[in-house]
Amino acid sequence: MRACLVHLIVILFLTAGLAVAQDAIPVSAPQGLAETQEVMPPSVADRDQPDQPLAETPDGSIDSMNDEFTEDELLEEYTAHENKEEKVEMADPLEPANRVVHEFNDKLYFWALKPVARGYNAVMPEPARIGVKNFFTNLAFPGRFLSCLLQADFGGAATEAGRFTINTLWGLGGFLDPASGGELKLQKQDTDLGQTLGVWGVGQGFYIVWPILGPSSPRDTVTLAGDYFLYPVSYINPWYYWFAVRAYEEVNATSLRIGDYEALKDAAIDPYIAFRDAYAQYRFKKIKARKAKLTSSASDSLLPAHSKNIPEGGTP
Amino acid sequence: MKNPWIRFILIAMLLLFTVPVYAGVPLDSVKKSVNDVLDVLRDPKLKPVSATEQKKDKLRVIYKSMFDEIEFSKRTLTRNWNNFTPAQRTEFVNLFEQILENSYADKILSYTNERVEFYKEHQLSDTQVEVQSKIITSSKEIPIFYRMILKDGKWRVYDVVIENVSLVQNYRTQFSDILAKDSPDKLLDVLRKKLSKK
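Chains A and B, in that order, give the protein sequences. Each residue of the first sequence is one higher than the one before, counting from 1 in this note's numbering. Each residue of the second sequence is one higher than the one before, counting from 1 in this note's numbering.
It should be emphasised that the hints constitute simulated quantities derived from the structure, not laboratory data. Take these hints with a grain of salt, some might be off.
[Claimed, not checked] No more than 30 Å apart at the CA atoms, straight line, and that leaves these computed lysine-lysine pairs for DSS-like:
(1) K120/B - K285/A
(2) K265/A - K186/B
(3) K286/A - K107/B
(4) K193/B - K107/A
(5) K193/B - K64/B
(6) K288/A - K31/B
(7) K56/B - K265/A
(8) K133/A - K140/B
(9) K285/A - K140/B
(10) K151/B - K120/B
(11) K194/B - K107/A
(12) K107/B - K107/A
(13) K140/B - K288/A
(14) K45/B - K134/B
(15) K185/A - K140/B
(16) K107/A - K186/B
(17) K31/B - K285/A
(18) K181/B - K31/B
(19) K265/A - K31/B
(20) K140/B - K64/B
[To be verified] DEER-style ranges, computed between Cβ atoms:
(21) I142/B - P127/A: 15 to 23 Å
(22) W170/A - N94/B: 55 to 63 Å
(23) I142/B - A128/A: 16 to 24 Å
(24) P178/A - N94/B: 47 to 55 Å
[As the list claims (entries may be wrong)] A few chain A residues that don't get close to chain B, going by computed Cβ distances all over 10 Å:
(25) W111
(26) V199
(27) G214
(28) A263
Quick caveat, the model's predicted, so the values are computed rather than measured. In this text, a Cβ means the ideal position worked out from N, Cα and C, and glycines have one as well.
Between the sequences and the hints, there should be enough to build the whole structure, so can you do that?
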């Protein structure tokens, strides 16, 4: 009985210690913090008011409005299994030119693409438009297949090959997508050559807005060229047939997402910056996800994310 | 049970596994809010166009309890928050909230027959969790992640990540671009103008 009591006391101390150690994590996050300093622009890293006490209301709860912002609150950017986060922000040396092209694309959308897509929307029922989208997605198979191969993602390449065969033969040439449903569950591998370069370690570079084609970067511009050659539609002769088919594909795709562009633009304080940031975040996380997929398929014994979060954080 | 070590290990395991008490709570709370929103959107009594304002009022109540708008504002301003006076902070939070409401209300009201699936809870830190969900429409799936923070015993959303794009970060880039050149007063002015344009 006495032994049991002693054990209990020991355990209580242990758990108390554990709780204290856990509390300490956000403050002392070992490797993470060193990286934190890097990400912050140096000018703001030395803050003017370092340790403002927490403002408390009479009832003892924390008054968020008067509470100062502290560095620890950016913890969200350092996820459990990823202590180092590269800067998601994109350099923009071409800003003045980019803004002009951005305006042009914006007008193109509101004056040409949107009205046409609206009209098309009215005459084509949604299932047909989804079918057309599937058809073009199926046609773009070579680009995704090659990207998977170049990333040494053989599972992904096999999935793509299977999808292409099944959807072409049993999906009426690609209009239906039987491969992703039912028991097959072969999902489209969302990848391209730009992501492949990203996985290989090529940096994003700076921001470019191309007329008509929209947001890009030097790395993703390579994709535009590479995917052009891997996309069967590009080989349509003469060129104006190719152009017509591409324009139709674009109108069809737009008809399925009218309103998305407007919502993001409406909500933005500076739409140009909002789209630049959205593009940077989107590409960055896509590539991160591809990298994660590749490493996790290489070593299946990865621990679940949150179990890594707790133990090693105790001592700095 | 003779061996005291077995007893020790058993009790230790019991205590260890009771540590993450809140597992599942953030997911359930955001799921409930989203389902409440969907109920309002699908309510046949609120179908007519004349009931739009009524719908908006009901939605406002839901998202006020769901979102931590001060945390949201603070995170978009980061260190700039400290340069705002308390009065400026209050005004900023209010203006920002109205801008978001104006621009997203119509988008949300247009949803009716979409399905929402909650599938994962990912722990970011002791008091922060990312709840992962997706909206399934007839033509696509849109991943939406809610980042939540525990304050005063309540889990509330401080960031929404739509298709890999974090709203907080998106606004952070925009605000820091403005505040690098201009004062907090100027930023408030920009927000006021944006609101009055609507």
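Comparing the hints with the structure gives:
Simply put, K120/B and K285/A have alpha-carbon atoms about 18 Å apart, close enough for the 30 Å limit, and the pair holds. A threshold of 30 Å between alpha carbons decides the hint, and for K265/A with K186/B the separation of about 21 Å falls inside it, so the pair holds. Proposed proximity of K286/A and K107/B is supported: the alpha carbons are some 25 Å apart, at most 30 Å. Straight-line distance between C-alpha atoms of K193/B and K107/A comes to about 22 Å, which keeps the hinted pair within the 30 Å bound.
For the proposed pair K193/B and K64/B, the alpha carbon gap of about 24 Å is at most 30 Å, so the pair holds. Between K288/A and K31/B, the direct Cα distance comes to roughly 27 Å. Compliance with the 30 Å bound is thereby established for this hinted pair. About 21 Å separates the Cα atoms of K56/B and K265/A, which keeps this hinted pair within 30 Å; it holds. At roughly 11 Å between alpha-carbon atoms, K133/A and K140/B fall within 30 Å of each other, so this suggested pair holds.
With a C-alpha separation of about 19 Å, the suggested pairing of K285/A with K140/B holds against the 30 Å cut-off. Between K151/B and K120/B, the direct Cα distance comes to roughly 21 Å. Compliance with the 30 Å bound is thereby established for this hinted pair. Of the supplied pair hints, the one linking K194/B and K107/A holds, its CA atoms being roughly 20 Å apart against a limit of 30 Å. Note on K107/B and K107/A: the hinted pairing holds, with a Cα-Cα distance of about 22 Å set against a maximum of 30 Å.
With a C-alpha separation of about 22 Å, the suggested pairing of K140/B with K288/A holds against the 30 Å cut-off. Straight-line distance between C-alpha atoms of K45/B and K134/B comes to about 27 Å, which keeps the hinted pair within the 30 Å bound. Under the criterion of a C-alpha separation no larger than 30 Å, the hint pairing K185/A with K140/B is consistent with the structure, at around 15 Å. The straight-line distance between the Cα atoms of K107/A and K186/B is roughly 28 Å, inside the 30 Å bound, and the hint therefore holds.
For the hint linking K31/B to K285/A, the alpha-carbon distance of about 25 Å falls within 30 Å, and the restraint holds. A C-alpha spacing of about 41 Å is found between K181/B and K31/B, which places the hinted pair above 30 Å, so the restraint is violated. Restraint check for K265/A and K31/B: the C-alpha separation of about 28 Å stays at or below 30 Å, so the hint holds. Distance hint between K140/B and K64/B is fulfilled; the C-alpha atoms sit about 29 Å from each other, no more than 30 Å.
Hint check: I142/B to P127/A, Cβ distance near 19 Å, so the stated range 15 to 23 Å holds. Between W170/A and N94/B the Cβ separation comes to about 56 Å, which falls inside the hinted range of 55 to 63 Å. A beta carbon spacing of about 22 Å between I142/B and A128/A agrees with the range 16 to 24 Å that was offered as a hint. Between P178/A and N94/B the beta carbon distance is about 51 Å. The supplied range of 47 to 55 Å therefore holds.
Against the 10 Å criterion, W111/A stays outside the reach of chain B, whose nearest CB is about 20 Å from its own CB. With a least CB separation of 16 Å from chain B, V199/A remains clear of the 10 Å interface cut-off, as annotated. Under the 10 Å C-beta cut-off, the non-interface status given to G214/A relative to chain B holds; the minimum distance is some 15 Å. Distance to chain B contradicts A263/A as a non-interface residue, since its nearest Cβ pair spans about 5 Å, not more than 10 Å.
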